[in-house]
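S.K.: Single-letter residue listing:
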Amino acid sequence: MKLCEECRKEAASVFLTLAVNNKVREVHLCSVCAARKGVWQGTETGAFNSSDIVGNLSGYFKDFLPAERKALRCGACGLTYAKFKQSGRLGCPDCYQSFEPQLTELMLRIHGSSSHTGRTYSGPGAPPPSRAEAARRAATLKTAIQEAVKKEDFETAAKLRDALKQLEGRDG
Amino acid sequence: MAEALKKFRPYVTWANARGAWPDMVFSTRVRFARNLADLPFTGRAEPRQLDGIRRAAFTALKETGLFPRGHFLKMESLGQLEKGFLAERHHISHGLAFTALPAAAVISNDEDLSVMVNEEDHLRLQCLGSGFAIEETLNSALKLDEALGRRLPYAFSGKFGFLTACPTNAGTGMRISCLAHLPAMSRLGLMPQALESLSRMGVIARGIYGEGTCVLGDYYQISNAACLGRTEEEFRVNMDRVIRNLIRQEIAARETLLKGHAKLHTEDAVFRALGVLRHARTLSYGEFMRNISLARMGAAMGWEMGLDFSTFNQVTLLMQPAHIQAAAGRALSPEERDVFRADSLRKKLL
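Protein chains in written order, with my numbering: chain A, 456 to 627; chain B, 88 to 437.
Hints in this document: simulated from the structure, not taken from any laboratory.
Some clues are possibly wrong.
What the hints assert, rightly or not - Pair by pair, the computed Cβ-Cβ distance ranges are:
#	chain 1	residue 1	chain 2	residue 2	range
1	A	575	B	328	44 to 52 Å
2	A	481	B	354	27 to 35 Å
3	B	421	A	580	44 to 52 Å
4	B	139	A	575	21 to 29 Å
5	B	369	A	555	54 to 62 Å
6	A	555	B	237	25 to 33 Å
7	B	362	A	563	49 to 57 Å
8	B	133	A	610	47 to 55 Å
9	A	610	B	146	33 to 41 Å
10	A	590	B	320	23 to 31 Å
11	B	152	A	521	44 to 52 Å
Ideal placement from N, C-alpha and C gives every residue a C-beta, glycine not left out.
Using the sequences and the accompanying hints, generate a full structural model.
M.R.: Structure below.
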């Protein structure tokens, strides 16, 4: 007879197989502990609150986030860095600025990189491109204009020139 | 009972097994995590802010024109059974099913697009595709994201990309997942080793309903682990490579199960499983999943199972606990469910 791995008193009656952190893990619990841990709709779909069973994700953040002075908090939403470290959840978009150095380190650990290279957002309220980003885009546009002129595709060149004007106008 | 469920069809297109490799990949999912600019994330927002987000999301989603005759469901208007049904269809997470906040699920009529509103992030957009279909599914999800992004201001920074409540989702905010069916590798005990090597390829494996759920019927949800620092296209190419690699390994494992002496045992296991599915008078969901997994593999091996893959997939959806109760039209005790499941399965298989 297997004992419940939580209370170690009752016989285990709920046997679950989980894939956690790319390891197959067997979990065995008694019905009382399983219910307490939020096994959902009986054990049938086998869905439940994993963070509770397999150790909280926040352990992960605690290990990876640098230590910081106690008073550090987000100026916009008031979330303290200590609270973030504990919960693993940020409070608002501004937290990314408030904790930028710490997040840069964390991002390197979890994503292997700390800067976004994917699609950019240009919808309503999109932030103006940073100076470096604007310069990079301007350089790309200038090259494209030269190429279009070389091919005598003046229509495209004119459109690109408009885009360049707009970009530079925004900067100044 | 469950008024909202009456409008859902019994069959869904993303389970029709028309995509590539339907015997190894049940479905493909692409999701984007998005938040609205200048507002606290869901966990720190006031209920009135969340209510405003939900209203704005409903309006914007209607305006995209991608949800004609779609389902716009406020979570507080749904009962436990209806929420269970939506979770079993992979439209909502368990987090959303239990939330006390003003949250919602918006689902397109043919159920290939769905949006969770005020889950951990304000918006979780997802697109589901049949079989192994990363490229098509990604394109549809991008279309939804772009249409919505033109109407709602997203939280975005040049450095960290799309901003999310959990830093693990920031950047592209994109998660590509394939629901892989790997019965032969599981049978040969190859999964622990395979999962280990997935970590080295930037990929994670989870249970059938995503994070924190069990492995049932040898189904694994395989997704990209990181979502920052590479482009959407680079992540897509990597996932594509990883899944093709897994498919190759599963094919090799199936060949091993058909070699020499092993063949008799495989055949025996598969037909015994079919026997259980055809003749059981009471059948728990776990037992159903164990047996349908083998029967599905048997069909892929060319043995007569009496079902095509599309029906296998639909049956797999319909035998889930909340689906059983939706079909019965009322809440059932686990014992009643098991009898109802065995009965309705027998009708389909004989």
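S.K.: Are the hints correct? Go through all of them and say.
M.R.: So, going through the hints one by one against the coordinates:
1. A:575 with B:328: 44 to 52 Å: Hint violated: Cβ distance 26 Å, outside 44 to 52 Å.
2. A:481 with B:354: 27 to 35 Å: Between residue 481 of chain A and residue 354 of chain B, where Cβ atoms are some 28 Å apart, the hint holds.
3. B:421 with A:580: 44 to 52 Å: holds, 50 Å
4. B:139 with A:575: 21 to 29 Å: holds, 26 Å
5. B:369 with A:555: 54 to 62 Å: holds, 58 Å
6. A:555 with B:237: 25 to 33 Å: For residue 555 of chain A and residue 237 of chain B the Cβ distance comes to about 28 Å; the hint holds.
7. B:362 with A:563: 49 to 57 Å: holds, 54 Å
8. B:133 with A:610: 47 to 55 Å: Cβ of residue 133 of chain B to Cβ of residue 610 of chain A: about 51 Å, so the range 47 to 55 Å holds.
9. A:610 with B:146: 33 to 41 Å: holds, 38 Å
10. A:590 with B:320: 23 to 31 Å: holds, 24 Å
11. B:152 with A:521: 44 to 52 Å: holds, 47 Å
Consistency with the previously given hints fails for number 1 only.
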